[in-house]
Amino acid sequence: MTHHLPAGKAVAGPYAVDVSPEGAGWGYSGLRVLQLPPGGSHTFGTGDSEWIVLPLSGACTVTADDDLGHDTFELAGRASVFDGVTDFAYVPRDARATVSSAAGGRFALTGARCTRRLPARYGPASDVPVELRGTGNCSRQVNNFAAAGVFECDKLIAVEVLTPGGNWSSFPPHKHDEHRPGEESVLEEIYYFEFAAHDGTPGLGYQRVSPSGPGRDTDVLAEVRDGDVVLIPDGWHGPSMAVPGHHMYYLNVMAGPEAERAWLICDHPGHAWIRETWPQQPVDPRLPLYTAPERSA
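Per our numbering, the sequence shown starts with residue 1, numbered consecutively.
Hints are not guaranteed to be accurate.
To be verified - Taking CB as the label site, the calculated pair distances span:
1) Pro244 with His70: 46 to 52 Å
2) Thr291 with Thr98: 28 to 34 Å
3) Pro279 with Gly27: 36 to 42 Å
These are calculated hints, taken from the structure and not from any lab test.
Here the structure is a predicted model, which means the values were calculated and not measured.
Ideal placement from N, C-alpha and C gives every residue a C-beta, glycine not left out.
Use the sequences and the hints to build the structure in full.
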């Protein structure tokens, strides 16, 4: 398996990125990135997967049709992933979905094979918990829009991580590739990257994944740029390093075979001690890059 997919390597049809479970060589997690021109639209069948339509840039209308009815959601979206929390739409399995955009934009479709069919729903930006994780140069921001315990899905877990330039995130390295009840869950994971440019110079970063044991031998050290994807079937993942001067964004998509939808991780034993230093340092003052909007009365 090729675990690092540079921008353009996972293009398929209308999608700038199309990672299916079959293409990734695993059972559950999927990601598509849809680029729409002004006035453009795209219709797809959800099949055996649940999907969240997440604006990366721009606004859109999402419709979901099935034998139970018709739902329409207007997503205000955002200018870019570095400008604000976005609203989103959940579309269930066994449905037909259409994404259309009057002004055009880019939209992530985060997906997971699932069993239960949940109702189509709108996720307001004001309901997205924005978490600051770590301190010092391990500080990062997590937009927990579809974290377990935040937004109901059957299998899908998805969050956004924003790392200020020069910082390390996904650190200490951690894994979720063994079934250990109450301690660790099995989750396949996709990282999708974008970077803030500076004076027209594109940003970049680095992603590390290292083997976690016999039969879990994923080994990646990749320079990542806008639109790149890293697939993580197993292994210690982290750090994710943002070069100085360029903020890094990544979208995490996770799913797996566990009966309980939970993000249970195990820290690398050689690096877990770093967490003990966090209370002694302030959070990076550049964070949060933004907060969720206030809930309307």
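So, going through the hints one by one against the coordinates:
no.	hint	in the structure
1	Pro244 with His70: 46 to 52 Å	holds, 49 Å
2	Thr291 with Thr98: 28 to 34 Å	holds, 31 Å
3	Pro279 with Gly27: 36 to 42 Å	holds, 39 Å
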